[in-house]
Amino acid sequence: DAGVIQSPRHEVTEMGQEVTLRCKPISGHDYLFWYRQTMMRGLELLIYFNNNVPIDDSGMPEDRFSAKMPNASFSTLKIQPSEPRDSAVYFCASSLGQGYNQPQHFGDGTRLSIL
Amino acid sequence: QKEVEQNSGPLSVPEGAIASLNCTYSDRGSQSFFWYRQYSGKSPELIMFIYSNGDKEDGRFTAQLNKASQYVSLLIRDSQPSDSATYLCASTDSWGKLQFGAGTQVVVTP
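In order, the protein sequence lines correspond to chains G and B. Each residue of the first sequence is one higher than the one before, starting from 1 at the first, in my numbering. Each residue of the second sequence is one higher than the one before, starting from 1 at the first, in my numbering.
Treat the hints as calculated values from the structure; they're not laboratory data. Please note that a few of the clues may not be correct.
Unchecked claim - Straight-line Cα separation of at most 27 angstroms, BS3-like style, residue types lysine-lysine; simulated pairs: (1) G:K78 - B:K97; (2) B:K97 - G:K68; (3) B:K42 - B:K67; (4) B:K97 - B:K67; (5) B:K42 - B:K97; (6) B:K42 - B:K56; (7) G:K24 - G:K78; (8) G:K24 - G:K68; (9) B:K42 - G:K68; (10) B:K56 - G:K78; (11) G:K24 - B:K42; (12) B:K56 - B:K67; (13) G:K24 - B:K97; (14) G:K78 - G:K68.
Keep in mind that this is a model prediction, so the values were computed, not measured.
Put together the whole structure using the sequences plus the hints.
Shown next, in the form of structure tokens:
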């Protein structure tokens, strides 16, 4: 079975540009999570969706960040305008249900560098 | 701020020995605990999870949970060089959201 698929794997862009990260969850999974990982702050939850509906976006750092899930098989995380401090690895994860015995499965991540 | 604490390491372990990783959590409402392995430059990979007090074994891995002490651990038996990675401990809150620790780096030396 295909795992969580993220694109692009690497993104290098200049400050001020719009960045769009994409994620395809595991088929049948109804929860989707966006994380950011940096050396300083570790792995942080940004936002998560249940059945395509955003449930908790309290981890989104600023209004420059937005996320959508137009259907069960696709989600985007957008940064506009981007800043150098947004440089990090962004992971998407999905799970079947959300409970004490429902592990999250991670994609390979997008390594983002803002110059 | 509810937190998950781990020693950052590195934890140096001779090949064939047992690696013992520890994790404490502050949220008494946490229901379950997950251990992920992350190789450098790769994504977190689930090893196992535990939600009942006691031990849970899966191959060379054993997770131990003590809710009274708010303590969870991971034992890796017969450590191999391929076990060299960062191990992330995570707890779930009542909503099922994961709170990750900073991770423990394990180095298995031949």
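For each hint, the structure was consulted:
1. Only pairs whose Cα atoms come within 27 angstroms are accepted, and G:K78 paired with B:K97 is accepted, the gap being roughly 22 angstroms.
2. A distance of roughly 19 angstroms separates the Cα atoms of B:K97 and G:K68; the hinted pair therefore holds under the 27 angstroms criterion.
3. A C-alpha spacing of about 31 angstroms is found between B:K42 and B:K67, which places the hinted pair above 27 angstroms, so the restraint is violated.
4. The straight-line distance between the Cα atoms of B:K97 and B:K67 is roughly 18 angstroms, inside the 27 angstroms bound, and the hint therefore holds.
5. A threshold of 27 angstroms between alpha carbons decides the hint, and for B:K42 with B:K97 the separation of about 22 angstroms falls inside it, so the pair holds.
6. The suggested pairing of B:K42 with B:K56 holds, with an alpha-carbon distance near 26 angstroms, which does not exceed 27 angstroms.
7. For the hint linking G:K24 to G:K78, the alpha-carbon distance of about 15 angstroms falls within 27 angstroms, and the restraint holds.
8. Annotation: proposed proximity of G:K24 to G:K68 holds, straight-line Cα distance about 12 angstroms (limit 27 angstroms).
9. The straight-line distance between the Cα atoms of B:K42 and G:K68 is roughly 25 angstroms, inside the 27 angstroms bound, and the hint therefore holds.
10. The straight-line distance between the Cα atoms of B:K56 and G:K78 is roughly 40 angstroms, outside the 27 angstroms bound, and the hint therefore fails.
11. With a CA separation close to 18 angstroms, the supplied pair G:K24 and B:K42 stays within the 27 angstroms bound.
12. A hinted pair counts as satisfied when its Cα atoms are at most 27 angstroms apart, and B:K56 with B:K67 qualifies at roughly 14 angstroms.
13. Straight-line distance between C-alpha atoms of G:K24 and B:K97 comes to about 20 angstroms, which keeps the hinted pair within the 27 angstroms bound.
14. Pair hint G:K78 plus G:K68 holds up; C-alpha atoms about 8 angstroms apart against a cutoff of 27 angstroms.
Violated hints, in rising order: 3 and 10; the structure is consistent with all others.
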